[in-house]
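Participant: Listed below, chain by chain, are the residues.
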Amino acid sequence: MFDIADLVQPDKGLIDPSIYTDPEIYQAELANVFARSWLFLAHDSQLPKKGSFLQTYMAEDPVLVVRQRDGSVKAFLNQCRHRGMRICRADEGVAKAFTCSYHGWAYNIAGELVNVPMEDRAYHNEIDKSQWGPRQVPRIHNYKGFYFGTWDDEAPSFEEYLGDMAWYFDAMADRYDDGLELVPGATKWVIDANWKFAAEQFASDMYHVPISHSSGFVALFDDPEIRALAAGALAAPGRQFSGNGHGSGFGLRPDLVPDPAGPDFDAFLIERREEIYRRLGEQRALAVYGHNTVFPNFSWLATNNTMRVWHPRGPGRIEVWSWAYLPKNAPEEAKRASRLNTVRTFSPAGVFETDDGENWTEVQQVLRGHIARQTTFNAQMGLGHEQRDLDGMPGRTAGDMFTEMAGRGMYQRWADLMSGLSWQEIAELDKRRREQEEAKQS
Amino acid sequence: MTTETIPVPALVGVETQHRIEQFLYAEAALLDDHRFTEWLELFTDDVHYWLPTRVTRTVRERDIEIAGPDGAAFFDDDKAFLAGRVRRLTSGQAWSEEPPSRTRRLLTNVRATELDSGEFEVRVNFHVLRSRLELHQDSFSGERTDLLRPADTPLGFRIARRKIILDTTTLPAPSISVFL
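These protein sequences, in sequence, are chains A and B.
Per this note's numbering, the first sequence starts with residue 1, numbered consecutively.
Per this note's numbering, the second sequence starts with residue 1001, numbered consecutively.
If you're looking for bench data, these hints aren't it; they were derived computationally from the structure.
Here a beta-carbon is modelled for each residue, glycine too, at the ideal position from N, C-alpha and C.
Here are some, though not all, of the chain B residues that point toward chain A, as calculated from beta-carbon distances under 7 Å:
{"hint": "1", "residue": "Val1055"}
{"hint": "2", "residue": "Gly1071"}
{"hint": "3", "residue": "Trp1095"}
{"hint": "4", "residue": "Pro1172"}
Result set (SDA-like, lysine to any residue): computed pairs, CA atoms no more than 25 Å apart in a straight line:
{"hint": "5", "chain 1": "B", "residue 1": "Lys1079", "chain 2": "B", "residue 2": "Trp1050"}
{"hint": "6", "chain 1": "A", "residue 1": "Lys144", "chain 2": "B", "residue 2": "Gly1071"}
{"hint": "7", "chain 1": "A", "residue 1": "Lys12", "chain 2": "A", "residue 2": "Gly384"}
{"hint": "8", "chain 1": "B", "residue 1": "Lys1079", "chain 2": "B", "residue 2": "Trp1039"}
{"hint": "9", "chain 1": "A", "residue 1": "Lys328", "chain 2": "B", "residue 2": "Ile1066"}
{"hint": "10", "chain 1": "A", "residue 1": "Lys49", "chain 2": "B", "residue 2": "Pro1069"}
{"hint": "11", "chain 1": "A", "residue 1": "Lys328", "chain 2": "A", "residue 2": "Asp266"}
{"hint": "12", "chain 1": "A", "residue 1": "Lys74", "chain 2": "B", "residue 2": "Arg1057"}
{"hint": "13", "chain 1": "B", "residue 1": "Lys1079", "chain 2": "A", "residue 2": "Ser214"}
{"hint": "14", "chain 1": "A", "residue 1": "Lys96", "chain 2": "B", "residue 2": "Glu1061"}
{"hint": "15", "chain 1": "A", "residue 1": "Lys431", "chain 2": "A", "residue 2": "Leu7"}
{"hint": "16", "chain 1": "B", "residue 1": "Lys1079", "chain 2": "A", "residue 2": "Ala267"}
{"hint": "17", "chain 1": "A", "residue 1": "Lys129", "chain 2": "A", "residue 2": "His103"}
{"hint": "18", "chain 1": "A", "residue 1": "Lys74", "chain 2": "B", "residue 2": "Glu1061"}
{"hint": "19", "chain 1": "A", "residue 1": "Lys431", "chain 2": "A", "residue 2": "Asp153"}
{"hint": "20", "chain 1": "A", "residue 1": "Lys50", "chain 2": "B", "residue 2": "Glu1065"}
{"hint": "21", "chain 1": "B", "residue 1": "Lys1079", "chain 2": "A", "residue 2": "Phe221"}
If we strip away everything but chain A, and leave its shape as in the complex, we get:
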């Protein structure tokens, strides 16, 4: 058995690395973290018509996400109720029904059992088909085109779950009048590392950029002077947000342009400048354009228009599913520039992404060591320098992007859920922690 209070101490910035390796902890995460949280399922643009489906995962559980006749979206376990075979084995497509290829039980796109072979001869017409549809994801929420689902009836509403993170999420999801669309095709790969390394980095870690990704800037810019200028953006002031386990970090940009996607995207941004400012306010439009994680495993990078889910696959493995997102109804050349920026920097062959995978796999390898697994990690950057509502940015904020406040916030939420606290108890605890922190600050 393990004692969560010994493993992570967010208030001291201490992490016991066994949380990244212990199989027992991993199984507890599936139950206490993933089965209780809101998880990203799909974006509107991936399900264009009636019967459009995709298969994805909620942690390790395979689910089908399907556009219904009335335009709504349902999600259900990709598991036949007879002997548990996957009822759909294509990644995506358009379907009228899903028929299990083991014994032939067939389900309609709403996930209702509609046909059982030899129902009269083998089941004597005694099977109640209404009781044997695949397990439905009971709660699905469409947040500005992003569908999230949870298995937990007790979980707070999605808006409450997001909390102040909504303000930061909207800087991506709500940027344009016409919304977003995903580039067709998911990019998927496997990293032999614990999912929390990736989720935490996207929540909280600007610190690695100048070191891990120094060669990325070499690839992007031939001219050393321009390269220095791009790297110099990291010298500019920045901010970080932490709340409900989520995190967002960014530099304070003086202008929307130049964007990393290049001149064709700049032209589009200049044309849409008023629209973006009207929707977000100038301060948010300029600032909130960095790294982000919605707890536990949905992340995006605004500068590179990449979003992804870190599907856990045991304590030592992640399946990354990533997509490039684009402004809908943008000119073709702007979309092309944005797409190429994503592919070239943050596909698994991207000049930034490759070095992230290298770090995480190496850390995980080192943690095979008995002593290494017991050697505490330092997550103390910026500890004690948390503020609130800095410059009108809502929630717990830090006056610099170089801090691990959001990482500590993520581990706090993780520890609360892992301890088996109810959502109600977590809300009360968070309120108390906030009051204590505010008392200390004043």
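Please arrange chain B on chain A, whose structure you already have, making use of the hints.
Facilitator: Okay, now just chain B, sitting in the frame of chain A:
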């Protein structure tokens, strides 16, 4: 299907076939030897170097399993970006290749067709093995379709287009930090 309906490839001559194969082997050797700057010289200025993603679909939808030109990709490079990648790999700071991986490129089933333009469309099966640090191993297999343009160079061709198709949908590797 009778044997008469199986499409017969328009064969190039034995010498042309030999020259094309030797060109591809020489290119692979430059990569295996980490001679990236020389390797870059083998590409035309208008090259498109592309590795689209693919998904598992049913037989009925198989014709759309590979992402199109506007879809998601692992690589989608022009000459300038290939040059950027080479600059990165030779910078000493590309940590996924510093220390560098050891690679072995195996090329087979070379099928060349001469086009009206005088260029050659060459399909080749590949298996790239990547060994890294202590025990890390990756294996990339698939098919490449190259457009080879005759050139007044010692190797006789330049690569004007490369489309790479992997046999996998989910890449079973932490990265593709090498060229395919």
